[in-house]
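Visitor: As a plain string of letters, each chain reads:
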Amino acid sequence: MSSPLAIQVGNLARRSIVRTLRQPAMVVPSLVFPLLLLAVNASGLNSATRLPGFPTDSYLTFALAIAFVQGALFAAMSAGNNMADDVETGFLSRLSLTPLRRLALLMGQLAGVMALGLIQALIFLLVGWIAGADFATGVGGALLIVVLVLLTSLAFGGLGAFLALRTGSGEAVQGMFPLMFASLFLSSQALPRELIQIDWFRTVATYNPVSYLLEGVRALMIKGWEAQALELAFGCAAAIAVVTLTASALALKVRMVRT
Amino acid sequence: MRGRGLTSAAGAVWWRNVHTFFTNPAFLLPGLLFPLFFFTAFAGGLSRIQNVPGFDFPPGYTTWVYGFVLMQASAFGGVFTGFSVARDYEGGFARRLMLGAARRSGLILGYVMAGMTRAAFTVTVVTAVALISGMEIHGSALDLIGLYALAAAVNAAAGLFAVGVAMRFRTMQAGPAMQTPAFLALFLSPVWVPFALLTGWVKSVASVNPMTAFLDAERGFLSGAPDKVALAFGAVALLLALFAVFAVRGLHSAEQAA
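As they're listed, the protein sequences go chains S and V. Position 227 of the first sequence, counted from 1, bears residue number 227 in the working numbering, the numbering being contiguous throughout. Position 227 of the second sequence, counted from 1, bears residue number 1227 in the working numbering, the numbering being contiguous throughout.
Isolated chain S (complex conformation) (with noise of 0.2 Å):
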């Protein structure tokens, strides 16, 4: 008798977010990593504040926006690691085996790279709190900031773990570094599009949705409630979720057949 959707998802989320948070190499430097690039940047770039145009007097408020979102994009590397992990050891095999759902297996080896991504959210909201960065809409701003983040990470963790599923390698999953890393510095990470000098790479930033993800929590941040900019954000977010998670689905399926 197959148990129900909710309970499938509960045990198997509580298997992965012990195993990922038990995972040092893994929580670790998704935390210190964009602390240490916060801490560079906000004083390395402080300058950049002193541009016409450039919406805060603080580039720590500015800047806080890069670590929430490479604290979400890395999450792919994550659940993409863990998923291959699970294909290598045949731990998807043998669950092949039972009535589990797709779908419970799906959202359930999500849930450790969610509970990482809320940690990561919390950690870096304290720390900008602590360093003084501005909130220009208060308490609520934070927790949409937390939700988004959340998203984000669901988002990028389903492409990490389609790549997984698709090839069963966690050398391919580490191959995705490189991707991710371009599509945080080919964005407005360092300075808002409209001030981007470069024709060809406001371009880019333009149609790179890491740009609206970053704009997103920037506008929270720095200019209050503005529409259309989270707008953009959750509908990137939301549509990268839906994409990613619909081919991990597919994956699964195939990946189910073969074993």
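Calculated directly from the structure, the hints in this document are not laboratory data. Treat the hints loosely; a few may be bogus.
Unchecked claim - Residues from chain V that keep clear of chain S, each with C-beta distances beyond 10 Å, as calculated:
#1 G1091
#2 T1171
#3 E1255
Claimed, not checked - Below, a sample of chain V positions facing chain S; criterion: calculated Cβ distance under 7 Å:
#4 A1041
#5 G1044
#6 G1045
#7 L1046
#8 S1047
#9 R1048
#10 I1049
#11 V1052
#12 P1053
#13 F1187
#14 W1192
#15 V1193
#16 L1197
#17 T1199
#18 W1201
Where a beta carbon is used, it is the ideal one built from N, C-alpha and C, also for glycine.
Got chain S sorted already, so can you dock chain V onto it with the hints?
Guide: What follows is chain V alone, placed relative to chain S:
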């Protein structure tokens, strides 16, 4: 006779590493792509920074970023040499090499020469891309000699450091111990803006970071107004001497372990 033993060991290690580097894309591409990527991301995304009051660098922001990327390619070209050493120890090749070498210090020389060759290739590609992107060089031929001599010296210093680490640990797991100091030295310096425009703790660290002198000197050569040349060459000479001792002691450590 002793000199011949040194050069033959160095030459053999150099040739093996250069051959591996140029025939294996897995080694060739990362060392090439990361400087190119940083050049593209910084020169493209941050060029408006040159409009900040107090930012005075006549050749322009592309040249400013090139100064940083040149240092990055040089330093990491040296660091990757340490990876080659660690890989050779993991595979058992380095132990056989130590048995066959007439003078083992030639091994260090060979690895450092291979790192310089790799960096020279990366710098050539990055320079070509920078020139195509519109980089202006206001320095004279003599300035350019100074520019690339300093880059080569930084590469050799980073290579000696990485070889020293690799010979002590003899495993690829020591990679972070080789990369992290180079990464921190590079980014805790005037990467994006001049030293005077830095603020906070990064400015404090940059004031004692030798990379600041290297970058100032490199950008001075590029702009035709050499600056802090004696300080930069003095600092790199000191680092070369320190890291040469570090590498030789690392070799002794490897000999004892073998």
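Visitor: Failing hints, ascending?
Guide: none
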